[in-house]
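**Q** One-letter residues, chain by chain:
There are 6 protein chains.
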Amino acid sequence: MKISARNVLKGKVKQVTPGAVNSEIIVEIPGGVEMVSIITKASAEKLGLKAGKEVYAIVKASSVMIGID
Amino acid sequence: MKISARNVLKGKVKQVTPGAVNSEIIVEIPGGVEMVSIITKASAEKLGLKAGKEVYAIVKASSVMIGID
Amino acid sequence: MKISARNVLKGKVKQVTPGAVNSEIIVEIPGGVEMVSIITKASAEKLGLKAGKEVYAIVKASSVMIGID
Amino acid sequence: MKISARNVLKGKVKQVTPGAVNSEIIVEIPGGVEMVSIITKASAEKLGLKAGKEVYAIVKASSVMIGID
Amino acid sequence: MKISARNVLKGKVKQVTPGAVNSEIIVEIPGGVEMVSIITKASAEKLGLKAGKEVYAIVKASSVMIGID
Amino acid sequence: MKISARNVLKGKVKQVTPGAVNSEIIVEIPGGVEMVSIITKASAEKLGLKAGKEVYAIVKASSVMIGID
Numbered sequence: 001m002k003i004s005a006r007n008v009l010k011g012k013v014k015q016v017t018p019g020a021v022n023s024e025i026i027v028e029i030p031g032g033v034e035m036v037s038i039i040t041k042a043s044a045e046k047l048g049l050k051a052g053k054e055v056y057a058i059v060k061a062s063s064v065m066i067g068i069d
Numbered sequence: 001m002k003i004s005a006r007n008v009l010k011g012k013v014k015q016v017t018p019g020a021v022n023s024e025i026i027v028e029i030p031g032g033v034e035m036v037s038i039i040t041k042a043s044a045e046k047l048g049l050k051a052g053k054e055v056y057a058i059v060k061a062s063s064v065m066i067g068i069d
Numbered sequence: 001m002k003i004s005a006r007n008v009l010k011g012k013v014k015q016v017t018p019g020a021v022n023s024e025i026i027v028e029i030p031g032g033v034e035m036v037s038i039i040t041k042a043s044a045e046k047l048g049l050k051a052g053k054e055v056y057a058i059v060k061a062s063s064v065m066i067g068i069d
Numbered sequence: 001m002k003i004s005a006r007n008v009l010k011g012k013v014k015q016v017t018p019g020a021v022n023s024e025i026i027v028e029i030p031g032g033v034e035m036v037s038i039i040t041k042a043s044a045e046k047l048g049l050k051a052g053k054e055v056y057a058i059v060k061a062s063s064v065m066i067g068i069d
Numbered sequence: 001m002k003i004s005a006r007n008v009l010k011g012k013v014k015q016v017t018p019g020a021v022n023s024e025i026i027v028e029i030p031g032g033v034e035m036v037s038i039i040t041k042a043s044a045e046k047l048g049l050k051a052g053k054e055v056y057a058i059v060k061a062s063s064v065m066i067g068i069d
Numbered sequence: 001m002k003i004s005a006r007n008v009l010k011g012k013v014k015q016v017t018p019g020a021v022n023s024e025i026i027v028e029i030p031g032g033v034e035m036v037s038i039i040t041k042a043s044a045e046k047l048g049l050k051a052g053k054e055v056y057a058i059v060k061a062s063s064v065m066i067g068i069d
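Residue numbers (the working numbering), protein chains in the order written: chain A, 1 to 69; chain B, 1 to 69; chain C, 1 to 69; chain D, 1 to 69; chain E, 1 to 69; chain F, 1 to 69.
Hints listed in this document are in silico derivations from the structure and should not be mistaken for laboratory results. Some hints here could point you the wrong way.
As the list makes no split between identical chains, a pair holds if one copy fits it or if it spans any two.
[Said to hold, decoys possible] No more than 27 Å apart at the CA atoms, straight line, and that leaves these computed lysine-lysine pairs for DSS-like:
1. K50 <-> K14
2. K10 <-> K53
3. K46 <-> K14
4. K14 <-> K53
5. K53 <-> K2
6. K14 <-> K41
7. K12 <-> K53
8. K50 <-> K12
9. K12 <-> K2
10. K41 <-> K2
11. K12 <-> K46
Modelling step: build the complete structure from the supplied sequences, incorporating the hints.
**A** Written as structure tokens, this is what we have:
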């Protein structure tokens with residue numbers, strides 16, 4: 001499936017922290033950057049997420065803000 | 001100001017495309033990755049966004065999805 | 001690609017309304033329901049969206065609210 | 001109250017899974033489709049959500065993405 | 001209709017700026033605070049939004065970030 | 001850091017409820033209004049959030065809906 005989301009960053013799962021209904025996923029992307037994602041625990045299990053797995057961090061453009069110093 | 005958003009990626013504005021109420025901002029981040037952001041035109045002007053400006057692309061963790069091949 | 005988003009509804013594009021940076025997409029899903037989506041104009045063009053095309057309306061679970069009468 | 005959100009889908013609660021601060025709500029909508037929602041536990045309790053209750057799954061248009069095969 | 005969104009702030013429309021597909025709505029709430037909303041132009045028209053109209057600015061709790069100085 | 005988010009409301013933390021991965025933060029803003037935020041537990045701890053602390057509730061304009069009676 002191809003998706004309209006403009007931000008699709010390839011990386012590798014670094015850590016999965018499961019909660020009761022949500023799980024926190026930390027993804028390492030090239031350039032030494034980390035992305036943190038909160039998805040449902042059911043999704044994390046269905047996708048078989050665990051440290052080392054190759055994944056994409058996906059973000060809709062309307063969810064990206066801009067900051068300046 | 002420090003913000004709770006877990007994803008704060010340093011980069012440089014590559015392109016600003018203004019619309020009537022929203023503007024599209026393309027940000028280059030290290031590792032050859034681009035982030036695309038939609039913010040209000042008023043915000044883009046207030047922050048003085050233009051090509052070459054150093055900025056941060058900011059995303060709340062709950063807005064990040066995970067995909068696998 | 002498989003995605004963590006819990007809501008993936010199959011349907012057919014009914015109408016595409018392009019703006020300057022965003023486009024509005026109306027999708028008909030089974031059961032006589034319509035879903036309305038705002039994505040970037042660039043994404044709508046890249047995916048070749050036009051009336052009649054089979055698509056999925058995709059929503060992250062954390063973006064779904066509940067209402068009662 | 002009438003709301004600006006363009007997607008208001010009538011359905012019936014199928015399952016409520018409470019966590020510490022959030023609850024997962026599964027809603028069956030006509031056409032054999034399910035919608036999954038994450039809302040605060042406090043909201044789920046305030047609305048009296050439980051299996052069988054008639055509800056609406058509500059989504060802002062800017063939160064809907066489009067995918068294609 | 002009652003909605004799960006935890007943030008429902010009563011106010012008055014101050015300004016409506018229509019674009020091609022989205023409109024920007026500025027709402028004055030008590031305490032001298034303004035809220036800015038981007039909704040589809042179709043929703044703004046359907047709700048009859050114009051300066052002076054009493055409205056609610058509604059935000060899902062998962063869309064609220066926290067900042068500190 | 002200055003941020004593109006159009007809604008930055010000054011207030012004071014009233015209550016912090018930690019979950020496994022997310023925490024619920026209630027913020028009192030002037031005019032007797034409360035804002036409820038869900039952020040990651042890690043962010044709540046990193047920002048040192050506790051009752052009485054001065055904070056900002058921050059919301060991107062595209063996350064604000066409008067309701068009418």
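**Q** Please go over all the hints and tell whether each is borne out by the structure.
**A** Cross-check of the supplied hints:
When the C-alpha separation of K50 and K14 is checked against a cutoff of 27 Å, the pair qualifies only within one copy, where the shortest distance is 8 Å, while the shortest distance between copies is 29 Å. Both within a single protomer and between protomers do K10 and K53 lie at most 27 Å apart by alpha-carbon distance, with minima of 11 Å and 25 Å respectively. Taking the shortest Cα distances, K46 and K14 sit within 27 Å of each other both inside one copy (18 Å) and across copies (20 Å). In this homomeric assembly, K14 and K53 come within 27 Å of each other (Cα to Cα) only inside a single copy, at 8 Å, whereas the closest approach across copies is 31 Å.
For the homomeric pair K53 and K2, the shortest alpha-carbon distances inside one copy (20 Å) and between copies (14 Å) are both at most 27 Å. For the homomeric pair K14 and K41, the shortest alpha-carbon distances inside one copy (16 Å) and between copies (18 Å) are both at most 27 Å. In this assembly of identical chains, the alpha carbons of K12 and K53 lie at most 27 Å apart only when taken from the same copy (5 Å versus 29 Å across copies). In this assembly of identical chains, K50 and K12 lie within 27 Å of each other by CA distance solely inside one copy; the values are 9 Å within and 32 Å between copies.
When the C-alpha separation of K12 and K2 is checked against a cutoff of 27 Å, the pair qualifies both within a copy, at 20 Å, and between copies, at 15 Å. For the homomeric pair K41 and K2, the shortest alpha-carbon distances inside one copy (23 Å) and between copies (16 Å) are both at most 27 Å. For a Cα distance limit of 27 Å, the shortest separation of K12 from K46 qualifies both inside one copy, at 17 Å, and across copies, at 24 Å.
When the structure is compared with the earlier hints, no violation turns up for any of them.
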